[in-house]
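Participant: Each chain is listed here by its residues.
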Amino acid sequence: MDGFICHLKRYRQAKGLTQEQLAEMVGVRRETIMRLEKSLYNPSLKLAFDLSKAVDTPIEVLFQFESTEPESGL
Amino acid sequence: MKHASKYTRKISPRLGLLGLLGFLGFAGLATYRLSQGFFPFVFFGFFGFFGFYYEGKMSATLMDERFLQNKLRAERKAYSLCGGISLLALMLTSVAEAVWVQLAGALALQISEVKLMFLTIMLALTFALGSFLSQYLLYHYDCEDCSESEL
Numbered sequence: 488m489d490g491f492i493c494h495l496k497r498y499r500q501a502k503g504l505t506q507e508q509l510a511e512m513v514g515v516r517r518e519t520i521m522r523l524e525k526s527l528y529n530p531s532l533k534l535a536f537d538l539s540k541a542v543d544t545p546i547e548v549l550f551q552f553e554s555t556e557p558e559s560g561l
Numbered sequence: 025m026k027h028a029s030k031y032t033r034k035i036s037p038r039l040g041l042l043g044l045l046g047f048l049g050f051a052g053l054a055t056y057r058l059s060q061g062f063f064p065f066v067f068f069g070f071f072g073f074f075g076f077y078y079e080g081k082m083s084a085t086l087m088d089e090r091f092l093q094n095k096l097r098a099e100r101k102a103y104s105l106c107g108g109i110s111l112l113a114l115m116l117t118s119v120a121e122a123v124w125v126q127l128a129g130a131l132a133l134q135i136s137e138v139k140l141m142f143l144t145i146m147l148a149l150t151f152a153l154g155s156f157l158s159q160y161l162l163y164h165y166d167c168e169d170c171s172e173s174e175l
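Sequences listed follow chains B and U, in order. Take any residue in the first sequence, note its place counting from 1, add 487, and you have its number in this note's numbering. Take any residue in the second sequence, note its place counting from 1, add 24, and you have its number in this note's numbering.
Just so you know, not all the hints are guaranteed correct.
Derived pair list, reagent style DSS-like, types lysine-lysine, alpha-carbon separation capped at 30 Å [what the hints assert, rightly or not]:
{"no.": "1", "chain 1": "U", "residue 1": "Lys81", "chain 2": "U", "residue 2": "Lys95"}
{"no.": "2", "chain 1": "B", "residue 1": "Lys533", "chain 2": "U", "residue 2": "Lys81"}
{"no.": "3", "chain 1": "U", "residue 1": "Lys139", "chain 2": "B", "residue 2": "Lys496"}
{"no.": "4", "chain 1": "U", "residue 1": "Lys30", "chain 2": "U", "residue 2": "Lys81"}
{"no.": "5", "chain 1": "U", "residue 1": "Lys30", "chain 2": "U", "residue 2": "Lys139"}
{"no.": "6", "chain 1": "B", "residue 1": "Lys502", "chain 2": "B", "residue 2": "Lys540"}
{"no.": "7", "chain 1": "U", "residue 1": "Lys95", "chain 2": "U", "residue 2": "Lys139"}
{"no.": "8", "chain 1": "B", "residue 1": "Lys540", "chain 2": "U", "residue 2": "Lys139"}
{"no.": "9", "chain 1": "B", "residue 1": "Lys525", "chain 2": "U", "residue 2": "Lys139"}
{"no.": "10", "chain 1": "U", "residue 1": "Lys101", "chain 2": "B", "residue 2": "Lys540"}
{"no.": "11", "chain 1": "B", "residue 1": "Lys502", "chain 2": "U", "residue 2": "Lys101"}
{"no.": "12", "chain 1": "B", "residue 1": "Lys502", "chain 2": "B", "residue 2": "Lys525"}
{"no.": "13", "chain 1": "B", "residue 1": "Lys502", "chain 2": "U", "residue 2": "Lys34"}
{"no.": "14", "chain 1": "U", "residue 1": "Lys101", "chain 2": "U", "residue 2": "Lys34"}
{"no.": "15", "chain 1": "B", "residue 1": "Lys533", "chain 2": "U", "residue 2": "Lys139"}
{"no.": "16", "chain 1": "B", "residue 1": "Lys496", "chain 2": "U", "residue 2": "Lys95"}
{"no.": "17", "chain 1": "U", "residue 1": "Lys34", "chain 2": "U", "residue 2": "Lys95"}
{"no.": "18", "chain 1": "U", "residue 1": "Lys139", "chain 2": "B", "residue 2": "Lys502"}
{"no.": "19", "chain 1": "U", "residue 1": "Lys81", "chain 2": "B", "residue 2": "Lys525"}
{"no.": "20", "chain 1": "B", "residue 1": "Lys540", "chain 2": "B", "residue 2": "Lys496"}
{"no.": "21", "chain 1": "B", "residue 1": "Lys540", "chain 2": "B", "residue 2": "Lys525"}
{"no.": "22", "chain 1": "U", "residue 1": "Lys81", "chain 2": "U", "residue 2": "Lys139"}
{"no.": "23", "chain 1": "U", "residue 1": "Lys95", "chain 2": "B", "residue 2": "Lys533"}
{"no.": "24", "chain 1": "U", "residue 1": "Lys139", "chain 2": "U", "residue 2": "Lys34"}
{"no.": "25", "chain 1": "U", "residue 1": "Lys101", "chain 2": "U", "residue 2": "Lys81"}
{"no.": "26", "chain 1": "B", "residue 1": "Lys496", "chain 2": "U", "residue 2": "Lys30"}
{"no.": "27", "chain 1": "B", "residue 1": "Lys533", "chain 2": "B", "residue 2": "Lys502"}
{"no.": "28", "chain 1": "B", "residue 1": "Lys540", "chain 2": "U", "residue 2": "Lys95"}
{"no.": "29", "chain 1": "B", "residue 1": "Lys496", "chain 2": "B", "residue 2": "Lys533"}
{"no.": "30", "chain 1": "U", "residue 1": "Lys81", "chain 2": "B", "residue 2": "Lys502"}
{"no.": "31", "chain 1": "B", "residue 1": "Lys496", "chain 2": "B", "residue 2": "Lys525"}
Quick list of simulated restraints, FRET-style, between CB atoms [said to hold, decoys possible]:
{"no.": "32", "chain 1": "U", "residue 1": "Ser83", "chain 2": "B", "residue 2": "Gly503", "range": "54 to 62 Å"}
{"no.": "33", "chain 1": "U", "residue 1": "Lys101", "chain 2": "B", "residue 2": "Ser526", "range": "51 to 59 Å"}
{"no.": "34", "chain 1": "U", "residue 1": "Leu105", "chain 2": "B", "residue 2": "Gln500", "range": "23 to 31 Å"}
If you're looking for bench data, these hints aren't it; they were derived computationally from the structure. We treat Cβ as the ideally placed atom computed from N, Cα and C, and that holds for glycine.
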């Protein structure tokens with residue numbers, strides 16, 4: 488796993504929320520939301536799940552991971 | 025969605041001035057001459073109070089998961105550095121005997137006294153470094169891009 492892309496900003500703005508409001512909804516600081524939107528912070532599953540619920544967007548749409556590992560054919 | 029919020033304790037950055045008490049450690053030089061006691065060298069540990077400055081700057085901050093991660097990262101780095109310095113100080117006291125003999129001769133003291141003094145000072149300073157660095161690094165990691173704002 489090399490990195491990830493976070494589309495939180497787009498969906499937050501579509502929902503009409505500010506960073507501050509979203510941060511309060513999911514129980515983190517605004518700085519954490521800011522770093523998340525810049526894909527500089529890899530959130531826990533719990534936070535990712537809370538964010539996904541807050542902006543009504545599936546978790547796999549919000550976060551996209553760039554995998555370098557070969558995919559198994561299972 | 026309600027979360028049990030936890031905030032850092034509320035203290036003033038001015039408490040960092042307590043770090044100046046660390047200079048009391050130099051009293052050890054005087055007390056040693058007067059009564060052969062070097063207990064005041066442990067006061068060098070008070071230099072660690074300078075960390076209150078950074079703790080005060082982050083006072084009443086919500087401790088979210090990123091904060092806790094940064095805290096662990098800062099403490100790991102600070103304490104591993106302090107552990108390394110302590111180990112180095114211990115190794116230095118057990119090797120390089122020739123250096124200790126020369127140093128004891130120059131200070132007109134016994135080797136064991138010089139070693140004990142060195143260890144006391146090193147441990148106090150290491151404690152101070154650990155206390156300060158853990159707070160400083162936490163502030164540094166947490167505020168990497170505090171100045172930027174984007175709503």
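Participant: Which constraints among the numbered hints does this structure fail? Numbers only, ascending.
Facilitator: 3, 5, 7, 8, 9, 10, 11, 13, 15, 18, 22, 24, 30, 32, 33, 34
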